[in-house]
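Add chains B, C and D with the ligands to chain A, keeping to what the hints say.
Chains as they are written, first to last, in our numbering: chain A, 63 to 684; chain B, 63 to 684; chain C, 1297 to 1638; chain D, 1297 to 1638.
Source of the hints: derived by calculation from the structure; they are not laboratory data. Keep in mind that the hints are not guaranteed to be accurate.
To be verified - Here are the simulated DSS-like pairs of lysine-lysine, each with C-alpha atoms no more than 30 Å apart in a straight line:
(1) A:Lys258 <-> D:Lys1434
(2) B:Lys676 <-> A:Lys645
(3) D:Lys1446 <-> A:Lys220
(4) C:Lys1628 <-> A:Lys255
(5) A:Lys662 <-> A:Lys163
(6) D:Lys1549 <-> C:Lys1495
(7) B:Lys493 <-> D:Lys1308
(8) B:Lys493 <-> D:Lys1341
(9) D:Lys1446 <-> B:Lys255
(10) D:Lys1446 <-> C:Lys1628
(11) D:Lys1628 <-> B:Lys488
(12) A:Lys651 <-> B:Lys623
(13) C:Lys1520 <-> B:Lys220
(14) D:Lys1495 <-> C:Lys1549
(15) C:Lys1495 <-> B:Lys252
(16) A:Lys201 <-> A:Lys163
(17) A:Lys499 <-> C:Lys1346
(18) A:Lys623 <-> B:Lys645
(19) A:Lys250 <-> C:Lys1628
(20) B:Lys258 <-> C:Lys1445
(21) A:Lys159 <-> A:Lys70
(22) C:Lys1495 <-> D:Lys1446
(23) B:Lys251 <-> C:Lys1445
(24) B:Lys155 <-> C:Lys1434
(25) A:Lys317 <-> C:Lys1628
(26) D:Lys1562 <-> D:Lys1544
(27) A:Lys317 <-> C:Lys1346
(28) D:Lys1628 <-> B:Lys251
(29) A:Lys535 <-> C:Lys1346
(30) C:Lys1434 <-> B:Lys251
Being a predicted model, the structure only gives us computed values, none of them experimental.
As a plain string of letters, each chain reads:
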Amino acid sequence: MSKKSVEKLENVVIRFAGDSGDGMQLTGSQFTNTSAVLGNDISTLPDFPAEIRAPAGSLPGVSAFQLNFSSSDIRTPGDAPDVLVAMNPAALKVNLKDLPKGGIIIVNEDAFIDRNLERAGYDHNPLESDDLQEYRVFKVPISTLNQNALEEIDLPGKSKDRSKNFFALGMMYWMYDRSLEVTLHWIKKKFGKNPKVVEANIKALKAGFHYAETAEVISTHYKVEPSKLEKGTYRNIMGNQATALGFVAASHQAKTPLVYCSYPITPASDVLHELSRHKNFGVRTIQCEDEIAAMGATIGAAFGGSLALTGTSGPGLALKSEALNLALMVELPLVVLNVQRGGPSTGLPTKTEQSDLLQTLYGRNGDSPLPVLAPATPSECFQMSFEAIRLAVKYRTPILYLSDGYLANGSEPWRIPDLKDLPEIKIEYAKAPTGGKAFLPYERNPETLARPWAIPGTPGLEHRVGGLEKADKTGNVSYDPMNHQTMTNLRAEKVARMVQDIPDIQVNGDPSGQVLVVGWGSTYGAITSAVDRLRALGQSVSSIHLRHLNPFPKNLGEILKNFDQVLIPEMNMGQLSLILRAKYLIDAKPLNKVQGQPFKIQEIIEAIQSLLSKSQEVKHAS
Amino acid sequence: MSKKSVEKLENVVIRFAGDSGDGMQLTGSQFTNTSAVLGNDISTLPDFPAEIRAPAGSLPGVSAFQLNFSSSDIRTPGDAPDVLVAMNPAALKVNLKDLPKGGIIIVNEDAFIDRNLERAGYDHNPLESDDLQEYRVFKVPISTLNQNALEEIDLPGKSKDRSKNFFALGMMYWMYDRSLEVTLHWIKKKFGKNPKVVEANIKALKAGFHYAETAEVISTHYKVEPSKLEKGTYRNIMGNQATALGFVAASHQAKTPLVYCSYPITPASDVLHELSRHKNFGVRTIQCEDEIAAMGATIGAAFGGSLALTGTSGPGLALKSEALNLALMVELPLVVLNVQRGGPSTGLPTKTEQSDLLQTLYGRNGDSPLPVLAPATPSECFQMSFEAIRLAVKYRTPILYLSDGYLANGSEPWRIPDLKDLPEIKIEYAKAPTGGKAFLPYERNPETLARPWAIPGTPGLEHRVGGLEKADKTGNVSYDPMNHQTMTNLRAEKVARMVQDIPDIQVNGDPSGQVLVVGWGSTYGAITSAVDRLRALGQSVSSIHLRHLNPFPKNLGEILKNFDQVLIPEMNMGQLSLILRAKYLIDAKPLNKVQGQPFKIQEIIEAIQSLLSKSQEVKHAS
Amino acid sequence: MPAEVAENTEKKLTRKDFISDQDVRWCPGCGDYAILATLQNVLPKLGIPKEKYTFISGIGCSSRFPYYMETFGFHSIHGRAPTLATGLKSYRPDLSVWVITGDGDGLSIGGNHLLHVLRRNVDVKILLFNNRIYGLTKGQYSPTSEYGKKTKSSPFGSIDHPLNPIKIALGAEASFVARTVDTDVKHMMEVFQAAGEHKGTAFVEILQNCVIFNDGAFHAINDKNTKDEASLKLEEGQPLIFGKERNKGIRLKNFEPEVVEFDPEKIPEDLIIHNPHQDNPVYAQLLARMEAPLQPVPLGIFREVQRPTYDDLLNEQIETAIQTQGPGNLEKLLHSGDTWTV
Amino acid sequence: MPAEVAENTEKKLTRKDFISDQDVRWCPGCGDYAILATLQNVLPKLGIPKEKYTFISGIGCSSRFPYYMETFGFHSIHGRAPTLATGLKSYRPDLSVWVITGDGDGLSIGGNHLLHVLRRNVDVKILLFNNRIYGLTKGQYSPTSEYGKKTKSSPFGSIDHPLNPIKIALGAEASFVARTVDTDVKHMMEVFQAAGEHKGTAFVEILQNCVIFNDGAFHAINDKNTKDEASLKLEEGQPLIFGKERNKGIRLKNFEPEVVEFDPEKIPEDLIIHNPHQDNPVYAQLLARMEAPLQPVPLGIFREVQRPTYDDLLNEQIETAIQTQGPGNLEKLLHSGDTWTV
Ligand SMILES: Cc1ncc(C[n+]2csc(CCOP(=O)(O)OP(=O)(O)O)c2C)c(N)n1
Ligand SMILES: Cc1ncc(C[n+]2csc(CCOP(=O)(O)OP(=O)(O)O)c2C)c(N)n1
Ligand code: SF4
Ligand code: SF4
Ligand SMILES: [Mg+2]
Ligand SMILES: [Mg+2]
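Chain A extracted, bound-state conformation:
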């Protein structure tokens, strides 16, 4: 250990930023895994450009990865970075505005050459001006140091240069007192086929570590103790991965194979990628010609008796809407995953947003209610996808599952569940009626209103379904006026009944008070942290988080009534607000943000405070 000073911190937010080609996503995830294994709580936010590889050094080509690691419980990747690692001028330019004054900047000095400065739109070198005087800047000639370190390896200079992110990572590992083990192991596994590359990356990593330790540039060294997580075995997991694993687990518990039909689209494609690897679990993945085909194939697979799923993002959901309505009409169990992104239209494909809630609820012709679930954190995606399948099967209905770009790519530690704690999922296909009775494909389970799942190949269950209105019980085509009303009511009632299967909402904080913050989806972390901080200051604020958006948990109305004011932060222009206002006639206040970025804790705190002060005023006035 060096004799440099050591400081203890509760948590640190680092943002790695560089060119798309600089490997920042990799660097970030290595730091994440190392910190996770060290026992920190973590939360991450990758932010990559829409282009595969924008011109080197350009502003749109900047790729960043932010992570928050902590010795206590955290729920967001941090409002603002404490440390910015900038591998080139463009990365500095794009990210500087987020860094609070006094923050640490580590730059690759070598990259600040004229050509790069120009590409980043600088007319001067910020390292040589006083642009950065309010920050703690560490200028490191990373490229040169890295090249020097790898001098002896027989690789072209260009290849060597690719290791410079490991050099930077090494420096950060020293600064934050991390071990190199996890990354060393990973490098060997990943590049095993190419021993020179293994050597180069390992050398670079170690060189960075030792440089930071020895050189006079970086003077302090920080410690972030492990966090006190619940007992168990953990791994770091991203939302899309957790979603995929949840589906596989549900299939395992149901002893029935998955069929996942999808057309690639950002940010949902990784679920397809993940599932396509698990063929030995019986998982069939079909990459369809488009989203409509994927929806159709899902219906076909559900008709055949599989656990059928499709996944997409907003524009794809729009395309699926007609066929999804067919699934509703034929009442087959299936799950539609929508990993939301910035809209409307092609919008901001790589950015996060929650603006498909109304489309999900209402984007179909006719009165067509469907249940909607939404996980709150990356790791919760596991439970939620499991739950989606369970409910779909039990109620014989398509279930909509709303994730978003932030959950999909963000990560956090996940306590791996014990297999024996996973609920069983019971699959019951219809059996041929005995005693000469006719089979009634639309006769319902009196409790759930589920109709029989009568799969082809079962003698005696031959029947026809389709998109025309069905006659009650027989399922024949019916143009009868009253039957249409009956069936419309039944479809609505079936969804409504699901409430019996949905846990009541738990209030975070007091069960009544001045302000209630209501959230859904990925805003959970920011909302809960904001509320906790204000409560710690003695403010009268609580929060609830909706994981079931249709039907709502049955105690929702009751809870809403117990607060003077309701605040609804959403990464859209007020979609949940609309529903809650309509349903409960409460004057809920929306807090809307559509900027392709999750809420900061501070933004929510401010909105709550402003409501609190108004509620004070009201009290004083009345």
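What follows is chains B, C and D with the ligands alone, placed relative to chain A:
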């Protein structure tokens, strides 16, 4: 004139019903046109089967046409028929339940043979039982009488039989004192190429008339005086026709051709059929490969500077949603017509419903507000389609136009407007900027927020648009967080601003009171009639009718506040209710009906009365 | 195949077993009736248990077909039947899945799905009822309507160049491509049976008369007096000969099928001999090139080749994965990657 | 054409006039760069005023193309560019409309629109960048990916039989069908120019290298050492000859293209002579049948025939209607049918 008795009536509701092959739609529309030319007010409701030609004599093969003609102002085709003309047992069976006790039934006795009775599911002959004892039944051997009348014409018996609907029509003409002129003229024009058919139909018509006059079967003869319509020239018009003509008129006033891109679908196809006939107005119709293609072609045509339109029904709108969102993003003027039908999924294609309102408002990914218009009566479709184009062009936005099956196929007298009363529509394409200034494709008109309509072929306006988020003003692709917020706000604000161009709502009745009935679309007739009847009885009820569903007229909130209770009848499960509750936080009561049939006046009266009595109770209790 | 699905004990099936209790609702005289009856006659011959049959259709008059079959049936949405069939068959290779579609359903809105199911060679049978019109929506022109056709939506004549369904199927390299006609029950029987027995996507175009909106579209092929000149029956191993006198044949000239007349006693040597089993689809394309009214319309099997089916390949991948990696171990999967214990 | 659109006074255009101010954002080394530069060089030669050019694309790496062209441009949505082009061109036959698409955009989600624009023969030029992969979504297999290809979404190898874009275009009877490759600038120039000059839909498949996700997909055709054996340049009126020594040629055998070797001094008589102007698409289909690695890949114009364009026909119907019925009289139209006056 015969010496039979003559009775004066204010209005009469006749329902013609027979097999799909019996020509009931034709019979009904002839009676309609004749009554219209006689100066009655009229309202019609055709009701045909989904099958092209269901098996002869079967229940699903019954086709019906109801019309209400009157010497006073009427607004609906009548809650229940006064007279039922039933050409076969199936027609009797299907329609009898709608006929009030004491109603008149005229049957084609000849059709009540065993085979037909069986097909209609009768185990006996209702004409020979006392099934019909509470009605006034006229049994006429129409087939035989018709054959006899045409004896001398050299046509096969089967062909002659096809004239029997004219025989029936002739009888009705006598009964209701109509002249044969209109129909004689029409027969000659329609069948001109086939003189024998002309002769047969004319003979049948006259034979029916004379039979009714002479025979002892039908004893009374009724008179319905002309109604006192506003001065002007009138024609009878169906909603789809009025819609098409409104578009043509708008094109004429804008001096810019229409391009109508569509894929056939019931009940919207007739708009395509009608427009495809008007090539000499410069109307281009493109029958596309599907609804998505139709939406895409519409966008292309709008980009090129035409008045571009597409038309469809619910399932087709679902398919268009992704491309429609592109139109929203590129802010081009175009109109999307949705002639609603029973849903969800394929639903009830030939039946009416208003259940696409939420899809229309929210069926797109992301926050994607678009203006929505809805005509209230068949003839109003003319103004509304004209208005849709006017607003689309002025605000450079897609406009959604919600008609429905009832408006589309229903008809009423229409006072043909004076051409000089039609507003001008000003088309302004962008001009190249002068003085070396750059062209800014997303710079906006400060009043309407419309962006320039910069059509290809104009030197100096070369620019790029697309579905990725646009940078403010320049329209370049932008991933900038704040820009996304800005543009989202601008898109919402543009729609909101349209309120300045929308007339205030007029209240039917007192401006305040106990109950306000709020309607939209084709429920207008039933609601207004119900309210007028109750007001005539001194009840405190008023109504308003929304033709603009986004944005709402600016005085809507004010009006809602002035009533104790608000009732919202809709042919859906409460879609407008949801919006009004959310927006104005009023505890509006929905009155929902999804039975493929329009509301009856009586149904609305009852719902109002129940609210009135509750509001009494509340008053008494408090 | 789910374990719960019991195999039926064999039993001799007849046409009656395939007639459902639903009233058939096509117009009297519609060509669809004959197709229905013929198929109900063919299915019992295929040796497949009744409960294995599943009929999936889109929307159109033709697409009401499943209601009339006493089998599993799915009347889906417009143009999408091939997608449902793909999903179903991928999971359930044990089923005999039939897609019923029309010229609008299959070639207009559903053209892309048709293309992709054919290229993937999913083991489904596709019957495309080509009446060259939109029947259900009451008479607009379809993608197979002839140029210049006057319909409700083309009062001045259609300006769309018609598609030839066989050409499209061959472009996608379909493994089985055939054409038949609703008036020739015997021919339909043969073609349907061959389609039913084919392993892979079988595509059958059925020329079907719509009495209401396009009556007589195939008059020349159906009329006793003209049919022998207007059509040509493809018979494997036989030269391409047609005509009442069987005095006309087809030979190849400059990549074009050329009609030659001859004395029926002396059949020329250079007539093309029909061989549907060529891997190369160019021959079948040459046949598809023969179009009315200039040349006789070929009826029969244009192409019948073997290539692996999508559903088999998919399920083989599953099997192989299980064999090589062992059946999925959930415990292990959940614990993969770096883990740590608290 | 709207009256307000003034015709530009002629001016000599150069490549520079077609370069927009937007930074090009493809990966370094992407084949798209060469295509862009080549087209920017070709357009000035077509004698069309700059403001008449409109580029419409779908979604994909290739579909970013319009941003880089200083023309009117529309980056639409995935697969739908042909529909926008059809709508635009129907109203504006005066424009030169180009569609830019990829193998996923044009053949997966957009396959049906491609089929229909081709059969209608709308006068648009379609450039399909075929890199046999989904680039923008980071490397899933596409409809043109080879069987067995391992990608992110097919870790065990793709089981989808690939589509050949040329076959699909020919199945739809496209009037102009060609193939070129991103590494051969001169060849691209010729093909683009011919496409630009063709009246009707011109379909061009461009073999395009994706350095990131499918590098070297067309290696054999691009590599100096192998290209002469791996490809064959189609030249009108010339026999089908290839090989570094020009000692190989193609003749017809049993409907199959057969490779023959010969002494370059003695070119056999029975080699096929290239004629893209045959009305019959079967010849072109024969060429399309030549696929790597077994046969040389044909490059050049497969088919180039004349048939009426959709946009002309549509506008002619308008003209004819006006001439025969007189320009629409709104007054009369509104008063048509039975009217009465109160
Ligand atoms: C999404 C959608 N678009 C349009 C329709 C209307 N539609 C139903 S069937 C049909 C065409 C039918 O033609 P075809 O496939 O040839 O079948 P046919 O009736 O001739 O047998 C159309 C356009 C629909 N049901 N759904
Ligand atoms: C409706 C919809 N579905 C999916 C996507 C995602 N997506 C964008 S481009 C693309 C495929 C691109 O492949 P290709 O057309 O071959 O273009 P390339 O990137 O290879 O040039 C996909 C699946 C999308 N943008 N929109
Ligand atoms: S409309 Fe034509 S295709 Fe449809 S059922 Fe009638 S005859 Fe058959
Ligand atoms: S991903 Fe491939 S196709 Fe896309 S820009 Fe990069 S190299 Fe080109
Ligand atoms: Mg058809
Ligand atoms: Mg590609």
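message: Which constraints among the numbered hints does this structure fail? Numbers only, ascending.
response: The structure conflicts with hints 9 and 15, although it agrees with all the remaining ones.
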